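These protein sequences, in sequence, are chains A and B. Numbering of the first sequence is given in our numbering, commencing with residue 1 and proceeding in unit increments. Numbering of the second sequence is given in our numbering, commencing with residue 170 and proceeding in unit increments.
Since the hints were derived computationally from the structure, they do not count as laboratory data. Please note: incorrect hints may appear among the correct ones.
Stated by the list, open to error - Covered stretches of chain B (chain A as the covering partner; in silico rule of three or more C-beta atoms under 8 angstroms from a C-beta of chain A): (1) 194 to 205; (2) 449 to 458; (3) 926 to 933.
What you are looking at is a predicted structure, and each value in this text was computed from that prediction instead of being measured. For glycine and all other residues, C-beta sits at the position ideal for the given N, C-alpha and C.
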Amino acid sequence: MVTEHVSLTVNGQRREADVEPRRLLVQLIREDFDLTGTHVGCDTSQCGACTVHVDGQAIKSCTMLAVQADGSNVTTIEGMASGDTLHPLQQGFWEKHGLQCGFCTPGMIMAAADLLARNANPSDDEIRHAIEGNYCRCTGYQNIVAAIREAARTMQAGAAAPAPASSQA
Amino acid sequence: MATDVLGTPVKRTEDPKFITGKGRYLDDIKLQGMVHMSILRSPYAHANIKSVDTSAAKTMPGVIAVFVGADIPYNPLPMAWPAGGASGLQNNVNTPRVLATDDVKWTGEGVAAVIAETPEQAVDALEAILVDYEPLPTVVDAEKATQSGAPQLHENAPNNIVFDWNVGDKAGTDAAIDKAEVVVRQRIVNQRLIPNPMEVRGDIGWYNPGTEEYTVWMSSQTPHIQRLLLTAFVTGIPEHKVRVIAPDIGGAFGSKIFCYADMALVMFASKAIGGRPVKWVESRRENYQSTIHGRDHITYLEIAGTRDGEVTGLRVKTYANLGGRLSTIGPGIPTTLYGRVLAGPYKFPNVHCEVIGVYTNTTFVDAYRGAGRPEATYVVERAMDLFADEIGMDPAAVRRKNFLPNDAFPYDNPSGLGTAVNGEKVYIDSGNYEPALNKALTMVDYYKLDEKRAEAKARGKLLGVGLSTYIEICGVAPSKWIGAVGEGWGAAMWESANLKVHLTGKIILTMGTQPQGQGHETTYAQIISSELGVPMEDVIVQHSDTLGTPFGYGSYGSRTSSVGSTAAIKAAGKVREKAKRYAAHMLEANVEDIEVDGANYRVKGSPDKVKTIQEIAFAIDLGFSLPDGMEPYLDETAYHDTPNCTFPFGTHIAIVEIDEQTGKVDLVRYVAVDDVGNKINPMIVDGQLHGGIAQGVGQALWEGAIYSDDGQLQSGSMMDYAVPRASWFPNLELDETVTPSPVNPLGVKGVGEAGAIASTAAAANAVIDALSPLGIRHLDMPYTSQTVWRAIQEAKGGAGAKGAADRTNGSNGKGGPA
Numbered sequence: 001m002v003t004e005h006v007s008l009t010v011n012g013q014r015r016e017a018d019v020e021p022r023r024l025l026v027q028l029i030r031e032d033f034d035l036t037g038t039h040v041g042c043d044t045s046q047c048g049a050c051t052v053h054v055d056g057q058a059i060k061s062c063t064m065l066a067v068q069a070d071g072s073n074v075t076t077i078e079g080m081a082s083g084d085t086l087h088p089l090q091q092g093f094w095e096k097h098g099l100q101c102g103f104c105t106p107g108m109i110m111a112a113a114d115l116l117a118r119n120a121n122p123s124d125d126e127i128r129h130a131i132e133g134n135y136c137r138c139t140g141y142q143n144i145v146a147a148i149r150e151a152a153r154t155m156q157a158g159a160a161a162p163a164p165a166s167s168q169a
Numbered sequence: 170m171a172t173d174v175l176g177t178p179v180k181r182t183e184d185p186k187f188i189t190g191k192g193r194y195l196d197d198i199k200l201q202g203m204v205h206m207s208i209l210r211s212p213y214a215h216a217n218i219k220s221v222d223t224s225a226a227k228t229m230p231g232v233i234a235v236f237v238g239a240d241i242p243y244n245p246l247p248m249a250w251p252a253g254g255a256s257g258l259q260n261n262v263n264t265p266r267v268l269a270t271d272d273v274k275w276t277g278e279g280v281a282a283v284i285a286e287t288p289e290q291a292v293d294a295l296e297a298i299l300v301d302y303e304p305l306p307t308v309v310d311a312e313k314a315t316q317s318g319a320p321q322l323h324e325n326a327p328n329n330i331v332f333d334w335n336v337g338d339k340a341g342t343d344a345a346i347d348k349a350e351v352v353v354r355q356r357i358v359n360q361r362l363i364p365n366p367m368e369v370r371g372d373i374g375w376y377n378p379g380t381e382e383y384t385v386w387m388s389s390q391t392p393h394i395q396r397l398l399l400t401a402f403v404t405g406i407p408e409h410k411v412r413v414i415a416p417d418i419g420g421a422f423g424s425k426i427f428c429y430a431d432m433a434l435v436m437f438a439s440k441a442i443g444g445r446p447v448k449w450v451e452s453r454r455e456n457y458q459s460t461i462h463g464r465d466h467i468t469y470l471e472i473a474g475t476r477d478g479e480v481t482g483l484r485v486k487t488y489a490n491l492g493g494r495l496s497t498i499g500p501g502i503p504t505t506l507y508g509r510v511l512a513g514p515y516k517f518p519n520v521h522c523e524v525i526g527v528y529t530n531t532t533f534v535d536a537y538r539g540a541g542r543p544e545a546t547y548v549v550e551r552a553m554d555l556f557a558d559e560i561g562m563d564p565a566a567v568r569r570k571n572f573l574p575n576d577a578f579p580y581d582n583p584s585g586l587g588t589a590v591n592g593e594k595v596y597i598d599s600g601n602y603e604p605a606l607n608k609a610l611t612m613v614d615y616y617k618l619d620e621k622r623a624e625a626k627a628r629g630k631l632l633g634v635g636l637s638t639y640i641e642i643c644g645v646a647p648s649k650w651i652g653a654v655g656e657g658w659g660a661a662m663w664e665s666a667n668l669k670v671h672l673t674g675k676i677i678l679t680m681g682t683q684p685q686g687q688g689h690e691t692t693y694a695q696i697i698s699s700e701l702g703v704p705m706e707d708v709i710v711q712h713s714d715t716l717g718t719p720f721g722y723g724s725y726g727s728r729t730s731s732v733g734s735t736a737a738i739k740a741a742g743k744v745r746e747k748a749k750r751y752a753a754h755m756l757e758a759n760v761e762d763i764e765v766d767g768a769n770y771r772v773k774g775s776p777d778k779v780k781t782i783q784e785i786a787f788a789i790d791l792g793f794s795l796p797d798g799m800e801p802y803l804d805e806t807a808y809h810d811t812p813n814c815t816f817p818f819g820t821h822i823a824i825v826e827i828d829e830q831t832g833k834v835d836l837v838r839y840v841a842v843d844d845v846g847n848k849i850n851p852m853i854v855d856g857q858l859h860g861g862i863a864q865g866v867g868q869a870l871w872e873g874a875i876y877s878d879d880g881q882l883q884s885g886s887m888m889d890y891a892v893p894r895a896s897w898f899p900n901l902e903l904d905e906t907v908t909p910s911p912v913n914p915l916g917v918k919g920v921g922e923a924g925a926i927a928s929t930a931a932a933a934n935a936v937i938d939a940l941s942p943l944g945i946r947h948l949d950m951p952y953t954s955q956t957v958w959r960a961i962q963e964a965k966g967g968a969g970a971k972g973a974a975d976r977t978n979g980s981n982g983k984g985g986p987a
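Chain A extracted, bound-state conformation (with noise of 0.2 angstroms):
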């Protein structure tokens, strides 16, 4: 079996493993890395359950390499609680009743993050557009929006966002 050797940072720590060519970046996280908060949903890249930030991007991890990682910043759902204080998305999810079996919840969320880093103030429209790549069937989106939503107004009121474990590599 051909493996590639992987050193990449996630959640603030260094991590590595030898991996084959084909190796997804979700597996190597979920499976190498036992990170199991990263869910896969589907096989052709429309759910978004594998939501996770590389390089302070989010990322559909189902759809990049592990070796395509090499020597990235990630972050997984994992890193987004600073000890024992929820991250202000976290926390909005939690509030307003944003989940139901929790699966899409951790890729919801990441790409949420990515949203709110971009625009701080988004309009529901903008919310609804920003996560059409991460499918729910529970929650019909409602209340998602609705945790955004109040995420944002928390942050923007100066609510710290605990910093990213990645940034402390």
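Once you've looked at the hints, dock chain B against the given chain A.
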């Protein structure tokens, strides 16, 4: 003292783990020595299997074993709900084997299984398995499959008919239709859907060679039922040697109720390879082929009435596509849960429904959110709109005119609810339909909508308004009605609860229901907190593990809040009664003089003589000093068999705008006024409605499982099946009326499916309303741009609208519109 949290929108206790990525779904479970299974699936929809050669696959890297059907000495999967129950109606039953042996009946049926060290090695080896298939002719359409000349799937099912079932008064309905002033006839299709929970299915089987016991993890809505079915019906393993565990479940919507071949396969494989755990997780494409589909009815409806808007009869014939082999309860869905509720909230004096269950070379069909009631609501709500259109009456007025009056209850509906065979009858217990209709009409300013139509038209849009005034039947079900004697579900449907108050005052409530995102850990804690006066954080709700827990029937059919909660309340009641007796003992009083106020058990008239439940629990659990005849510990189990189903109802209104040039349909407004009785947690109730509405609208506007004539699933991945996205919906507007159910102490009805049941018809009626100025009377779903554009072109071309209703004027021969 605990504040009463019942009925309040408390935040969910489940959420902290999910929002931090610490949920534990099936694929997150990793066990020492675990290996992986892949399944080779038939690429043909109908074929004989001449041979299977696994020799090359067995030599591939990492491969531990390869199995074919002949290796597995298990029975075919069970079918536990024949149509017609104990009536003796003929059901021609064929169910899947754990792996197909002689033939395959749909694309995706499993033919071989590979066990390998890694998932990639297991999948790689599939390509090395050589199967010699002899392809056979295929049929995928349920109506065509019953016609002469169609390929025959099973020897025991002539014309591919599984059953021919009917309900209602045939003679009366035939007469009503024959002599009616107005009859409208329409063929309508309720298209096949793929449930698409965000988490696909998976299992882990682990055999213990020392004890000969199995542990099976499965993403299942029914762990206790699967333990029983897999042992007693499929594998022959003694029932007490299998433990089933459901981990966190990432959505289900019915698709995870059933007994699937892979469950038995992982058990077999683990034992065959010496006891290593075997994990199988389907890919999404596999899920599309081999986990159940929903709906797929072809219906001929006839609605009869008077010129001034009174309905007099409803005659329905439905071909229900059940797939290539039957799923666990396939026949029950288009019969009990569809035919028996066709009359909706209306006072039809005559109803008759015939349902023909049919085999075709497609994936098996079974319960999907709403399970029969969305199909029934779609039929009757389209029928009411067709009738209204025919007589030129406002659709809201026609509905109001025909609503059951408030004094009609308990109501023995003529579509068969009260006529269960040999068993108990079920009646609609309560209803008050006009207030919800009025509220919804007010919310959309219904009578001013013509202004909006004109304004939209000026923008090149056709505006349409659609109503759905629905009732549904859920909170399943009284065992005497649905059990083996009655409707045919070959089991009961009661529910269990065990409640222990531990030494330190912490409570564990163990339930036989099964959450898949509905927030049961929160809602049950709210109930127990209210019942026993303890803080919510002192209540833990456990579920999903059959080890040492009472048997329970799982969660589907919106049964948890009505049936499950009542079992929990009964168990709490037993605890309270024992605590009272012990308080009397501690306080040296008579039991009759103890009054219970939340967590406090005090002597009437002596406010300082009081013990808390925590103090009582400490003493009873230690058991130093118990009164004669009292056993130690506060530990009570209750089983509850509900006396009736429950009947949510309401009015939904959808407003769409259709682009006249492109046919694109936009949902611009959606209003839902639902009566689900009392609400344990209004926030969770709203969430269920949002999700259900999104799925029902999804059916109307976007979704559909498409088969080619040769049985290939063309909507084979999320690239081709339109799972609805966030940007496709407006904010949904919810309101309520509240008619508490008399069926359970909380007065709740259940809400898990109501949104999906009402909404398809509302959205469909809105689209047809928008197109009606062009002369279009009916169009089949989904209303994709292409479908709508073609219909608009045809209508404008004057060739006649697609699917126009057959307008018949009955026996008095009066002429009508052409």
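Going through the hints against the structure:
1. 194 to 205: holds (count 4)
2. 449 to 458: Result for this restraint: holds, n = 3.
3. 926 to 933: violated (count 0)
Violated hints amount to a single one, hint 3; each of the other numbered hints is respected by the structure.
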